[in-house]
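Q: Quick mapping for you: the protein sequence lines, in order, are chains A and B.
The working numbering applies: residue 1 is where the first sequence begins, and numbers increase by one.
The working numbering applies: residue 1001 is where the second sequence begins, and numbers increase by one.
A few of these clues could be false.
Estimated spans, in silico, between C-beta atoms of each pair [to be verified]: (1) ASN23/A - LYS1133/B: 38 to 46 angstroms; (2) ASN1314/B - LEU91/A: 27 to 35 angstroms; (3) LYS13/A - GLU1311/B: 20 to 28 angstroms.
BS3-like mimics (lysine-lysine), calculated; alpha carbons at most 25 angstroms apart, straight line [what the hints assert, rightly or not]: (4) LYS1103/B - LYS1085/B; (5) LYS1334/B - LYS104/A; (6) LYS1206/B - LYS1324/B; (7) LYS1149/B - LYS1186/B; (8) LYS1295/B - LYS1186/B; (9) LYS1334/B - LYS18/A; (10) LYS1157/B - LYS1202/B; (11) LYS1394/B - LYS13/A; (12) LYS1103/B - LYS1039/B; (13) LYS1334/B - LYS40/A; (14) LYS13/A - LYS1393/B; (15) LYS1233/B - LYS1068/B; (16) LYS1186/B - LYS1106/B; (17) LYS1177/B - LYS1129/B; (18) LYS1157/B - LYS1133/B; (19) LYS1085/B - LYS1233/B; (20) LYS1068/B - LYS1157/B; (21) LYS13/A - LYS1334/B.
Hints were generated in silico from the structure; no laboratory data involved.
For every residue, glycine included, the Cβ atom is placed at its ideal position computed from N, Cα and C.
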Amino acid sequence: MNMYTEIILDLYKNPLNKGQLENPTHESERNNPLCGDEIKIQLIVENNKIKEAKFSGQGCAISQASASLLTDKLKNLTTQEAKSLNQQAILDLLHIPISPGRLKCALLSLDTLKGALGKE
Amino acid sequence: MIQNIKSNFPIFTNNPDLIYLDSAATSQRPKQVIKAITKFYEKENANIHRGIYSLSEEATQKYNQARKTTANFINSNENEIIFTKNTTESINLIANTIQPLIKKGKDEILLTEMEHHSNLVPWQQLARKHNFKLKSIPITENYELDYEKAKELINEKTALVSFTYISNVFGTINNAKQLINLAKEKGAITIIDAAQSPSHIKIDVKDLDTDFLAFSAHKLYGPLGIGILYGKKQLLDQLAPFQFGGGMINKVTYEDSTFIETPEKFEAGTQNIPGAIGLAKAINFIQEIGLENIKDHENELTNYTLNKLKEIENLTLYSPSPEKNAGVISFTLKNIHPHDIAEILNDNNIAIRAGHHCCMPLMNLLNIPGTCRISLAIFNTKEDIDKLIEALKKVQEVFR
């Protein structure tokens, strides 16, 4: 399975939106107990729109790429739109074949996002 | 003889490109073991112990012979071998029944920092239940146990000492005898998690003088679904049964029951009869090759592997010195996650394990999310390792 496309590798070396926010309005941290991937997602939401999204943590190339792409997509989405993101949306963003064993890696960021938004 | 060993394993005939380096997770099964199990189901299948017809009597005889073979293999008495589902169940059995053996005034359980969850969590839960203190023998920077600290930690209050014989992360062969002697001086019960051991080193329970020992068949070229618990008879006799039901009773009324002797006291319900037969066959298989020959082959291959891995840049090895490593080798590559390494290795038909190897606290201690782990068996060759090295270089290329 060729998961390691140029885009994925580039995102691993040069992640998008990686860092910490000063005063996030929403935050959540999750980990994948199977392997040691950890993701924290922080958001700044104003008037139901996501103004800023950042992630931090460590993990495999798939989990990191997924977090990069997801946080990028979140900017300027409404919280409603963000809440409706599902597994397929993530897979579409990644645009690579994901084996069943790596699905949890790909979906960790989505899981973390749901944790952050669920706190409303 | 070792040269043609691979041909005994149907999995390689069916997957000729497979390079299997994950025997610490489960070993492969030689055709002799598979045939013995199939033969039981096709020609000998019956329940054991109480059938008065020939088929049942023969099945009973085979099951009993399997117990004998296992006992001989580790130099125990026959009635000191209990068949269980696996090592984890064996350890849970003792943890759940050991209370009467713990002397008054003893309230500490001693493990090590390198235990697998199956030899950590049951004791942790027991400690919580009885308000015992759980302590661990630390590891050294050479990935061995700190025996000096062990001497300090084993004291009059130590109820039991349980440790892994061979580490499933570092491959370290621990000095079981030394730990058992220290434990005995302070009257502590000893339990050995031998899950990784019987395929690599000779186990002699009388020589070790351990109170209990557990291992699984499936890491020993035997079938999945069966393991054993060894215990000294005078200790097993003091334990209450773990599970109750048919097969372990003497007399039953609606109000109460009496139970039979060890080992059958601990074997409630229909047992994994073909599993036991398969285990015995696996033991025969190993004895025919000769454990010494297996050791020699694996030692040579372990040395070769460690040397080859040292040639790779930005690779961190987590191994004791080669002679102390039973053929289980953990490593990491800088800035590349173990999952991604395992993924690309899989694309090259190489099976390794990546993750925390059921040792989460140990990974936290080492401050890493996990490692890649190679584990060697009798069917592995230098060619397998050469291909591994080539593939690891490819991984580094991808992430350059």
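Q: Of all the hints numbered above, which does this structure not satisfy? Sort the numbers upward.
A: Violated hints (numbers, rising): 4, 8, 10, 12, 17, 20; every other hint is consistent with the structure.
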